[in-house]
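Protein chains in written order, with full-length UniProt numbering: chain A, 1 to 365; chain B, 1 to 365.
Bear in mind the hints are in silico, worked out from the structure with no lab data behind them.
Just so we're clear, the structure is a prediction, and the values are computed from it rather than from any experiment.
Even for Gly, the Cβ is constructed at its ideal location relative to N, Cα and C.
Check the hints yourself; a few may be wrong.
Partner residues aside, some chain B positions facing chain A, computed with beta carbon under 10 Å [to be verified]:
| id | residue |
| --- | --- |
| 1 | Y42 |
| 2 | L85 |
| 3 | G226 |
| 4 | A250 |
| 5 | R308 |
| 6 | K312 |
| 7 | W314 |
| 8 | M315 |
| 9 | T318 |
| 10 | I319 |
| 11 | L323 |
| 12 | K324 |
| 13 | N329 |
| 14 | V344 |
Below, computed lysine to any residue pairings styled on SDA-like, alpha-carbon distance capped at 20 Å [as the list claims (entries may be wrong)]:
| id | chain 1 | residue 1 | chain 2 | residue 2 |
| --- | --- | --- | --- | --- |
| 15 | A | K324 | B | T342 |
| 16 | A | K324 | B | E317 |
| 17 | A | K357 | B | K324 |
| 18 | B | K324 | A | Y328 |
| 19 | B | K357 | A | L70 |
| 20 | A | K83 | B | E341 |
| 21 | A | K357 | B | T342 |
| 22 | B | K83 | A | E341 |
| 23 | B | K335 | A | K357 |
| 24 | B | K298 | B | H202 |
| 25 | A | K83 | B | H356 |
| 26 | A | K306 | B | Y340 |
| 27 | A | K83 | B | Y316 |
| 28 | A | K251 | B | Q253 |
| 29 | B | K357 | A | Y313 |
| 30 | B | K324 | A | N363 |
| 31 | A | K312 | B | L323 |
| 32 | B | K324 | A | Y322 |
| 33 | B | K357 | A | Y322 |
What the simulated footprint calls covered on chain B by chain A, stretch by stretch (three residues with Cβ under 8 Å from a Cβ of chain A suffice, anywhere in the stretch; the number is not a length) [said to hold, decoys possible]:
| id | region |
| --- | --- |
| 34 | 86-100 |
| 35 | 254-262 |
| 36 | 351-363 |
Protein chains: 2
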Amino acid sequence: MEDNHHHIENSEEYIGLNVNSGVAQPPSVNPYMHKVVRRKKYSAAEYVEGILKGDRSILSQAVTLVESLLPEHHAIAQEVIEKCLPYTGNSIRVGITGVPGAGKSTFIEALGVHLCGEGHKLAVLAIDPSSERSKGSILGDKTRMEALSVTKNAFIRPSPSAGSLGGVARKTRESIVLCEAAGFDTIFVETVGVGQSETAMHSMVDFFLLIQLAGTGDELQGIKRGIMEMADGITINKCDGNNVEKAQLAKAQFQNALHLFPLPESGWTPQVNTCSAFENINIDGVWKMVTDYIAFTKANGYFDYKRRQQSKYWMYETIDEYLKTSFYNNEEVQKRMAAYETLVNNNEMTSFAAAHKLIDFYNSL
Amino acid sequence: MEDNHHHIENSEEYIGLNVNSGVAQPPSVNPYMHKVVRRKKYSAAEYVEGILKGDRSILSQAVTLVESLLPEHHAIAQEVIEKCLPYTGNSIRVGITGVPGAGKSTFIEALGVHLCGEGHKLAVLAIDPSSERSKGSILGDKTRMEALSVTKNAFIRPSPSAGSLGGVARKTRESIVLCEAAGFDTIFVETVGVGQSETAMHSMVDFFLLIQLAGTGDELQGIKRGIMEMADGITINKCDGNNVEKAQLAKAQFQNALHLFPLPESGWTPQVNTCSAFENINIDGVWKMVTDYIAFTKANGYFDYKRRQQSKYWMYETIDEYLKTSFYNNEEVQKRMAAYETLVNNNEMTSFAAAHKLIDFYNSL
Numbered sequence: 001m002e003d004n005h006h007h008i009e010n011s012e013e014y015i016g017l018n019v020n021s022g023v024a025q026p027p028s029v030n031p032y033m034h035k036v037v038r039r040k041k042y043s044a045a046e047y048v049e050g051i052l053k054g055d056r057s058i059l060s061q062a063v064t065l066v067e068s069l070l071p072e073h074h075a076i077a078q079e080v081i082e083k084c085l086p087y088t089g090n091s092i093r094v095g096i097t098g099v100p101g102a103g104k105s106t107f108i109e110a111l112g113v114h115l116c117g118e119g120h121k122l123a124v125l126a127i128d129p130s131s132e133r134s135k136g137s138i139l140g141d142k143t144r145m146e147a148l149s150v151t152k153n154a155f156i157r158p159s160p161s162a163g164s165l166g167g168v169a170r171k172t173r174e175s176i177v178l179c180e181a182a183g184f185d186t187i188f189v190e191t192v193g194v195g196q197s198e199t200a201m202h203s204m205v206d207f208f209l210l211i212q213l214a215g216t217g218d219e220l221q222g223i224k225r226g227i228m229e230m231a232d233g234i235t236i237n238k239c240d241g242n243n244v245e246k247a248q249l250a251k252a253q254f255q256n257a258l259h260l261f262p263l264p265e266s267g268w269t270p271q272v273n274t275c276s277a278f279e280n281i282n283i284d285g286v287w288k289m290v291t292d293y294i295a296f297t298k299a300n301g302y303f304d305y306k307r308r309q310q311s312k313y314w315m316y317e318t319i320d321e322y323l324k325t326s327f328y329n330n331e332e333v334q335k336r337m338a339a340y341e342t343l344v345n346n347n348e349m350t351s352f353a354a355a356h357k358l359i360d361f362y363n364s365l
Numbered sequence: 001m002e003d004n005h006h007h008i009e010n011s012e013e014y015i016g017l018n019v020n021s022g023v024a025q026p027p028s029v030n031p032y033m034h035k036v037v038r039r040k041k042y043s044a045a046e047y048v049e050g051i052l053k054g055d056r057s058i059l060s061q062a063v064t065l066v067e068s069l070l071p072e073h074h075a076i077a078q079e080v081i082e083k084c085l086p087y088t089g090n091s092i093r094v095g096i097t098g099v100p101g102a103g104k105s106t107f108i109e110a111l112g113v114h115l116c117g118e119g120h121k122l123a124v125l126a127i128d129p130s131s132e133r134s135k136g137s138i139l140g141d142k143t144r145m146e147a148l149s150v151t152k153n154a155f156i157r158p159s160p161s162a163g164s165l166g167g168v169a170r171k172t173r174e175s176i177v178l179c180e181a182a183g184f185d186t187i188f189v190e191t192v193g194v195g196q197s198e199t200a201m202h203s204m205v206d207f208f209l210l211i212q213l214a215g216t217g218d219e220l221q222g223i224k225r226g227i228m229e230m231a232d233g234i235t236i237n238k239c240d241g242n243n244v245e246k247a248q249l250a251k252a253q254f255q256n257a258l259h260l261f262p263l264p265e266s267g268w269t270p271q272v273n274t275c276s277a278f279e280n281i282n283i284d285g286v287w288k289m290v291t292d293y294i295a296f297t298k299a300n301g302y303f304d305y306k307r308r309q310q311s312k313y314w315m316y317e318t319i320d321e322y323l324k325t326s327f328y329n330n331e332e333v334q335k336r337m338a339a340y341e342t343l344v345n346n347n348e349m350t351s352f353a354a355a356h357k358l359i360d361f362y363n364s365l
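Extracted from the complex, chain A is given alone in its bound form (with noise of 0.2 Å):
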C-alpha cells in the first residue's frame, strides 16, 4: 500500500498485470511489485472508446482505474463504467470455485482454450480478497495459465489486491461491464471455495460452478458449508488414470446428495459430471452442462429476472456496506468497541444494550 501511495504521489499510473501482453511476469500476487510505467492520461471519452474497440490496453488501464483507490480515479472510472454499460449484458458469467488443489487454473485454462478456439472472446477476472493478505493471488502467477494467456481472444485478469470482500468484489463486478463493452463474450470469475467471495460471486454470474475432487468428508474440509448449494453444477475434475473408478462413485454421491436438497429457485436441478482438465476429458461436458442452463433459465425467464436481482442486490450491498463502514471506522466507537464486547462476552451486558449503548454514542458525535 505504502508503495502504491507513493507511486500514486508521483502521478505514475499502476499499470496492471496484462498476461496478454506476453511480457514474463513475476510469480507474485502483489501488483504493486510489478514496475510501473508511465502512461499518457485518457479522457473518459477515450478509455470509452478504446474499449468498444476492444483495444485490450485501454481496456486493461480502464479496469486499472477502477481498481484505483484514489477518489479522483473513482469519479472517470464511474463515466466510464456508466458510458459503457448500454454496451453489456450479452455475455455468459459463469463462477467458479473450488478448493485450492481442484485444478481450477488447469480446468480453466482447458475450458477457455477450448472456448477461444470456438471464436468466442472469453475474460478471467477473479474475487480473492485474501491476495491483500499476501497469501497468494488466485491468476496472479501467470505461468499457471502458459497458453490461455497468450491466447488472442483471452484477457486474464488477477484479483484487484485491495480493500474489503465488498470492494474487491465491486471491482470485480465493474471489471464485468467494461470487459462485456469491449466485446468478450464470456466471463469467468474465479473464487477459491475457502471464504465468503462465493456469495459475492454468486450474486454476480449467471452459472455457479464448483470444482469437486473424487472422495468424501474428509478431502472436502477445505470446502465452506453452504457453497455445495450454490452450485448449479458440479464436476468432479482429475477423473483420469486409476483415479476414475473414484471419480465416478463420487458423482454417483454428489448426485445422490443433491437429490436431497430442494430445487434452487431456477427450476435447474442441479448436475454433476466428471472431467479431467489435464487429461482435457469431458472439457466440452462441462461447457455443454453451463449452456443448457442458460437455455433453460432464459426460456423460463430466470436467467433476466435473477440479473435484475443481482442489480438491486448490489445496489443495497453497497448501500449496507457504506453505512457500516462509516460507523465501524469511526476512532471513536472503535475506542470504545473492545470494552463492550468484553461486557457483553462475560455476560455484564447483553448484545443489545451495549449495541444501543455504541449507537446512541454514534449519533451524539
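Following the hints, put chain B in place on chain A, whose structure we already have.
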C-alpha cells in the same frame, strides 16, 4: 397494529398468550385479538424478584414487556434483562425446525412431555415473523400442544408478533434470558423451515435440530436451501406404520449426503435418526443425540466458544440493523429509492452509482 396502538394509547398492558393459564385461547395468530386486561404495573425489581422465584405469571408479563413496542417499556425491559443476566446460561438451548407438515408441534409435545416427566423445566419459544402477516403463528394454537401446555414444568410462548425478523428474533433471544432466570433448564426455539428465521435461530441455540420427512427432493421443496447444512442433527419423523421402510431409506440417504459435507466448526458429525412423534417412538433417541452433542462440545470447548460468538454476533447484528433501519425508513430516502431501483433495473445506472447517489443524499439530510 392499529388495534394495538389503540390499546397502548389507553395505557393498558397487553398480556401475552400464556397458554399455561389453562384458560381457553382462540386458535388465532394475532395476539391483538386476545382480550386485554388491566394489570398492576411492576417495578424492574419486582419483575426480577418474581422471575427469580419462578413466578410464571410475572415471567409471562415480563416477556410481554420485552415484546412491547413502547419506548417506556423498552427501558424497564432492558433493566429487567440486565438484572436477570447473572442467573442465565445454565440451560440447553435447542432450535427445532422443519417444513409445515413435518410434525414439529407433535414432536415438541412428545419430547417436551418426556423431558418434563424427567423433571426438566422446559420453555418453548418461537421465531416466526410471518405471524405478523397473519400467516398463522407457530405455537399460536394451543390446541396443537394439549398435553404439554397443561404440564406444570412447561412454559409455551408463541412468536412475538411485531416487527422485522431481526426484531422478532431479538425478542425471542431476550425471552430466553428471562426463562433461564426463571429456572427453565431446557429451551426450545421453534421456527418454520421456510425462511431466514433459521439463521436467526441458529445464532441463539446450542443444537440445531431439523425435523425431516421420508422422501427426496419433491417433498422437501418447502425447506430453504442451506438449512440442512446448519443441522447438528436430523430426525426423520413419522417413521411408523407402513412408512418405516421409506423413513429408514431416507435416514441412509441423509447420512450419505451429510458425509459429503465438511465437518462443522464444532467437530461434531451431524447425526441422523428416525422417530415417530405421533406413536412416541425413539423420542428419547432424538434427545440422546442432543445430550451427546452437548457433552461433546462442552468437552472440546466449542459450547462456550459458540455462546460467546453468538453474543458478539447479536451485538453486531443489532448495530447493523439499526444503521439500515435509520437509512431505509427515512421517508426522504424512501421517496427516491424506487426511482433509482428502476434506473438500475433498466441498466441505465450501475448499482454502485445509484447507491452512492442515495447515500450522498442521505448524508445531506
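Hints, one by one, checked against the model:
For Y42(B), the interface hint is violated, the least distance from its beta-carbon to any beta-carbon of chain A being 20 Å, above 10 Å. Interface hint status for L85(B): upheld, as the beta-carbon distance to the closest one in chain A is roughly 6 Å, under 10 Å. Nearest Cβ of chain A to the Cβ of G226(B): about 5 Å, under the 10 Å cut. The hint holds. Annotation: interface hint on A250(B) holds; nearest CB of chain A at approximately 9 Å, less than 10 Å.
Checking R308(B) against chain A by beta carbon gives a least distance of about 5 Å; that is within 10 Å, so the hint holds. Restraint check, K312(B) versus chain A: the minimum CB separation of about 6 Å is within 10 Å; hint holds. Interface hint at W314(B): satisfied, since its Cβ lies 3 Å from the closest Cβ of chain A, which is below the 10 Å cut-off. Proximity of M315(B) to chain A holds as hinted, the smallest CB-CB distance being about 4 Å (cut-off 10 Å).
For the restraint placing T318(B) at the interface with chain A, the shortest Cβ-Cβ distance is roughly 4 Å, inside the 10 Å limit, so the hint holds. Annotation: interface hint on I319(B) holds; nearest CB of chain A at approximately 5 Å, less than 10 Å. At its closest, the beta carbon of L323(B) sits 4 Å from a beta carbon of chain A; the interface hint therefore holds under the 10 Å criterion. Hint status for K324(B) relative to chain A: holds, with the closest Cβ pair at about 6 Å, below 10 Å.
For the restraint placing N329(B) at the interface with chain A, the shortest Cβ-Cβ distance is roughly 13 Å, beyond the 10 Å limit, so the hint is violated. At about 5 Å, the closest approach between the beta carbon of V344(B) and any beta carbon in chain A falls short of 10 Å, and the interface hint on this residue holds. Among the hinted pairs, K324(A) with T342(B) is inconsistent with the structure: their alpha-carbon atoms are about 25 Å apart, more than 20 Å. The suggested pairing of K324(A) with E317(B) holds, with an alpha-carbon distance near 11 Å, which does not exceed 20 Å.
For a cut-off of 20 Å, the pair hint linking K357(A) to K324(B) stands: about 17 Å separates their Cα positions. Restraint check: the Cα-Cα separation between K324(B) and Y328(A) comes to about 14 Å, which is no more than 20 Å; the hinted pair holds. Using a Cα cut-off of 20 Å, the hinted pair K357(B) and L70(A) holds, with the two alpha carbons roughly 19 Å apart. A distance of roughly 18 Å separates the Cα atoms of K83(A) and E341(B); the hinted pair therefore holds under the 20 Å criterion.
For the suggested pair K357(A) and T342(B), the alpha carbons sit about 37 Å apart, so the restraint of at most 20 Å is broken. At most 20 Å may separate the alpha-carbon atoms for a hinted pair to count; K83(B) and E341(A) meet this at roughly 18 Å. Annotation: proposed proximity of K335(B) to K357(A) is violated, straight-line Cα distance about 30 Å (limit 20 Å). Using a Cα cut-off of 20 Å, the hinted pair K298(B) and H202(B) holds, with the two alpha carbons roughly 18 Å apart.
With a C-alpha separation of about 17 Å, the suggested pair K83(A) and H356(B) falls inside the 20 Å cut-off, and the hint holds. At roughly 18 Å between alpha-carbon atoms, K306(A) and Y340(B) fall within 20 Å of each other, so this suggested pair holds. For the proposed pair K83(A) and Y316(B), the alpha carbon gap of about 38 Å is over 20 Å, so the pair is violated. For the given pair, K251(A) sits about 15 Å from Q253(B) by alpha-carbon distance, which is consistent with the 20 Å threshold.
The hinted pair formed by K357(B) and Y313(A) meets the criterion: a straight-line CA distance of about 16 Å does not exceed 20 Å. A hinted pair counts as satisfied when its Cα atoms are at most 20 Å apart, and K324(B) with N363(A) qualifies at roughly 14 Å. Between the alpha carbons of K312(A) and L323(B) the distance comes to roughly 19 Å, so the proposed pair stays at or under 20 Å and holds. A distance of roughly 10 Å separates the Cα atoms of K324(B) and Y322(A); the hinted pair therefore holds under the 20 Å criterion.
As the CA atoms of K357(B) and Y322(A) are separated by approximately 12 Å, the hinted pair is consistent with the 20 Å bound. For a cut-off of 8 Å, the count of residues in the region 86-100 of chain B with a CB near a CB of chain A stands at 3, and the three-residue condition holds. Counting residues of the region 254-262 of chain B whose beta carbon lies closer than 8 Å to any beta carbon of chain A gives 7, which meets the minimum of three for the stated coverage. Beta-carbon proximity to chain A at under 8 Å applies to 8 residues in the region 351-363 of chain B; the threshold of 3 is reached and the given coverage holds.
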